[in-house]
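Participant: Here is what each chain is made of, one letter per residue.
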Amino acid sequence: MAGRKSTAKSNTSKDDLLAYYREMLLIRRFEEKAGQLYGMGLIGGFCHLYIGQEAVVVGLEAAAEEGDKRITSYRDHGHMLACGMDPKGVMAELTGREGGYSKGKGGSMHMFSKEKHFYGGHGIVGAQVPLGAGLAFADKYKDNKRVTFAYFGDGAANQGQVYETFNMAALWKLPVIFVIENNQYAMGTAQRRSTSTPDLHTRGEAFGISGEVVDGMDVLAVKAAGERAVAQCRAGQGPYILEVMTYRYRGHSMSDPAKYRTREEVQKMREERDAIEHVRELLLQGKHASDDDLKTIDREIKAVVNAAAEFAKESPEPAEAELWTDIYA
Amino acid sequence: MATEILMPALSPTMEEGKLAKWLVKEGDSVSSGQILAEIETDKATMEFEAVDEGIVGRILVAEGTEGVKVNTPIAVLVEEGESADAAPAATPAASTSAPPAATPAKAPAPAAAAPAAPAPAADRSPDWPEGTAMKTMTVREALREAMAEEMRRDDDVYLMGEEVGEYQGAYKISQGLLDEFGERRVIDTPITEHGFTGIAVGSAMAGLRPIVEFMTFNFAMQAIDQIINSAAKTLYMSGGQMGAPIVFRGPNGAAARVGAQHSQDYAAWYAQIPGLKVVQPYSAADAKGLLKTAIRDANPVIFLENEILYGRSFEVPELEDFTIPFGKARVWREGSDVTLVSFGIGMVHTLEAADKLAAEGISAEVIDLRTLRPIDYDTVIASVMKTNRCVTVEEGFPVCSIGNHLSAYIMTHAFDHLDAPVLNCTGKDVPMPYAANLEKLALITSDEVVAAVKQVTYR
Ligand SMILES: Cc1ncc(C[n+]2csc(CCOP(=O)(O)OP(=O)(O)O)c2C)c(N)n1
Ligand SMILES: [Mg+2]
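In order, the protein sequences belong to chains D and R.
Take the first sequence: its position 272, counted from the start at 1, is 286 in our numbering, and no numbers get skipped.
Take the second sequence: its position 29, counted from the start at 1, is 321 in our numbering, and no numbers get skipped.
Next up, chain D with everything else stripped away, as it sits in the complex (with noise of 0.2 angstroms):
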């Protein structure tokens, strides 16, 4: 990690970078749980982890205020925690028990929280940034200076209806944020391999919407663009897209045997780009905290994750009248 440049600003308090540091460890050793329990059979079916992508929704939810929305694609454990979800109700979607914010019906890919205004978890590749702009579009009809972030891939970034929605969002000003997870691959797919033109962020340019380009393995960074394409949705300017540039260390899925790319890709990002060292060292080099304070940090966050996934073993499985429910409102 030696001499990488941070783009944190010296304002950042000791208190922020430590709960940047706590949610997003929070996240990585939840979906470390995950996998082991994934390994154990009481997970099954399509497990998306979020692993080296964390800094990505930390960084985007300390730019959002209280009542504002978000949406996401299948790989969504990350940012329900970061939105303040409980993870022992993540954690017991996952393995399909009646404590789940499903009832146990939705599993990995779908769950939801009206309270903390989290609309899913999407299995259809792109079907959420629609959805995420009709959030918006409530939101500016209710007029109530709300914005939606809606999270999509490098790959859904391909998909016809994004350009649809980009199209409407700009002709409406939604106060929709695109935001492109550009973590490089869809499934096996590189970036490159799959589009035309690089730059996923000038792709609104052709209907009027402004678009930036983010280092999404620096937490500080992603907020402080967060920051500005919050600014400017809250003014009533529009939608706005962040292409934020990051890289998940696990395959696509719990079966994806990842054979696109080499390990040393994966290790180099690793060791020298992690979203969680970088924030660990500014937090130790600007003797905001010791190696025991965060120790300490450690060892709550695992508690955290083991009562979570004790809770998840625990909870029975929903009665089998629930087959029945919810079908109809």
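The hints are simulated quantities; they were obtained by calculation from the structure and are not laboratory data.
Note that this is a predicted model, so its numbers are computed, not measured.
Glycine included, each C-beta is placed from N, C-alpha and C at the ideal position.
It cannot be assumed that every hint is accurate.
To be verified - Derived CB-CB ranges, DEER-like:
| # | chain 1 | residue 1 | chain 2 | residue 2 | range |
| --- | --- | --- | --- | --- | --- |
| 1 | R | GLY531 | D | ARG248 | 39 to 45 angstroms |
| 2 | D | GLU291 | R | PRO609 | 55 to 61 angstroms |
| 3 | D | TYR155 | R | PRO304 | 35 to 41 angstroms |
| 4 | D | LYS156 | R | SER530 | 48 to 54 angstroms |
| 5 | R | THR737 | D | GLU80 | 55 to 61 angstroms |
| 6 | D | LYS309 | R | ALA743 | 55 to 61 angstroms |
| 7 | D | GLY49 | R | GLY468 | 29 to 35 angstroms |
To be verified - To be clear about the criterion: a stretch of chain R counts as covered by chain D if any three or more of its residues have a C-beta under 8 angstroms from a C-beta of chain D, and this derived list gives those stretches:
| # | region |
| --- | --- |
| 8 | 455 to 464 |
| 9 | 477 to 484 |
| 10 | 550 to 557 |
Assemble chain R with the ligands onto chain D, guided by the hints.
Facilitator: Chain R with the ligands alone, transformed into the frame defined by chain D:
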């Protein structure tokens, strides 16, 4: 020569109208484009122009007349010096000519009930000659072989889809095809189903023979407009000039614990569409023989595979060029007490149920439809006429299922042969839940099939 002026249709739905006002009278000469009359439809009052020039010889329908049927003669136009009497006698209601007698479509056109009809001659010929050498193969390998063989045979055949090339297929069906056929013919696409499906259909209209792999059929919903509005209807809309010889294939139905958006059986959806052919194989031999037929077919074919079946092994004939025709069911098991009809993954539960039933002394005939459009009705009807009872089995939703359709067909064509109502075993009428216990309940099971059989055999 005198010409008749007919009541015009002024909207696509207009059948009759009111002749509100004549703007010309008998003896007036008119030029083409001149307004002759005002006509009121249910939606608006429209002006009606002359097409030909001439003299108004006679007005046949007085102004103010309501309910004038489209195509009724309303006036006669004559030439200079010609008498109006030269006009041909009005041919009232010329428009009621019936469309040519419908030639009943081979498949689901409702036919008149024919209770006394003899049992149809079902095609029970073997799929391959007796004594053919066999090899054991998974469904996955069979599908791969079918594609490879057809690609070797015809350079116009190409494969397109997400992760079909470098990744070797999300479910490894296309493994090795990029190596053998290269990037020209094994094409990785971005995640843009609607777009690449349209491109593939367009290329089929221009004469190529694309195989489009959907990573799963859940994602084909992004592209369903191109599949139905473009691929299925073009032949008809072009009066037979051009169609779309294309195969849409990929896993369909529930896998395991992948939740509501990734677990749906689309068999009944596509089977509803005239212009599509729909295949859903169960065994590896059928997967191979039917996929080869699909690739050679001149029509759009929906080829529904199943992730759970990919790894299952079956005997496949070792033949140079092995195909299975569409519209020919396979009887897996002969029986006398009840007919079980299924297809695809439903066959797993059906065959299992037949074993359980046999142990209880109930003899089930098991029919695998293999293709859902066309459907081999003859095999089903002949069997029902023998057993007098029928249970259908499928994974899809219960409403408007394939089983519903078969029930109606059997009722129409073999009503007097039925000793019990036809029962349909289907998936439950709920989105697929993720929880392990609920998912089990949502899916069809062999026990449910056994229970249905007991109901129709009154045991
Ligand atoms: C419409 C649709 N097509 C294909 C898929 C299968 N699929 C799931 S995730 C994925 C890759 C998406 O990549 P990206 O948008 O970059 O997001 P990431 O997984 O990298 O977060 C694919 C092809 C799907 N879920 N939906
Ligand atoms: Mg990606």
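Participant: Please go over all the hints and tell whether each is borne out by the structure.
Facilitator: Verification of the hints:
1. In this structure the hint that GLY531/R and ARG248/D lie 39 to 45 angstroms apart at CB is violated, the actual value being about 57 angstroms.
2. In this structure the supplied range 55 to 61 angstroms holds for GLU291/D paired with PRO609/R, their Cβ-Cβ distance being about 60 angstroms.
3. The hinted range of 35 to 41 angstroms is satisfied by TYR155/D and PRO304/R, whose Cβ atoms lie roughly 36 angstroms apart.
4. For the hinted restraint 48 to 54 angstroms between LYS156/D and SER530/R, the CB-CB distance of approximately 49 angstroms keeps it satisfied.
5. Taken as a hint, the range 55 to 61 angstroms is violated for the pair THR737/R and GLU80/D, whose Cβ atoms sit roughly 48 angstroms apart.
6. For LYS309/D paired with ALA743/R, a C-beta distance near 60 angstroms keeps the hint of 55 to 61 angstroms intact.
7. Checking the proposed 29 to 35 angstroms range against GLY49/D and GLY468/R shows it holds: the Cβ atoms sit about 30 angstroms from each other.
8. A count of 4 residues in the region 455 to 464 of chain R with a Cβ less than 8 angstroms from any Cβ of chain D is obtained; the coverage claim is therefore met, three being the minimum.
9. Remark: the region 477 to 484 of chain R is confirmed as covered by chain D, as 5 of its residues place a Cβ nearer than 8 angstroms to a Cβ of that chain, reaching the required three.
10. Coverage of the region 550 to 557 of chain R by chain D holds in this model, with 5 residues showing a Cβ closer than 8 angstroms to a Cβ of that chain against a need of three.
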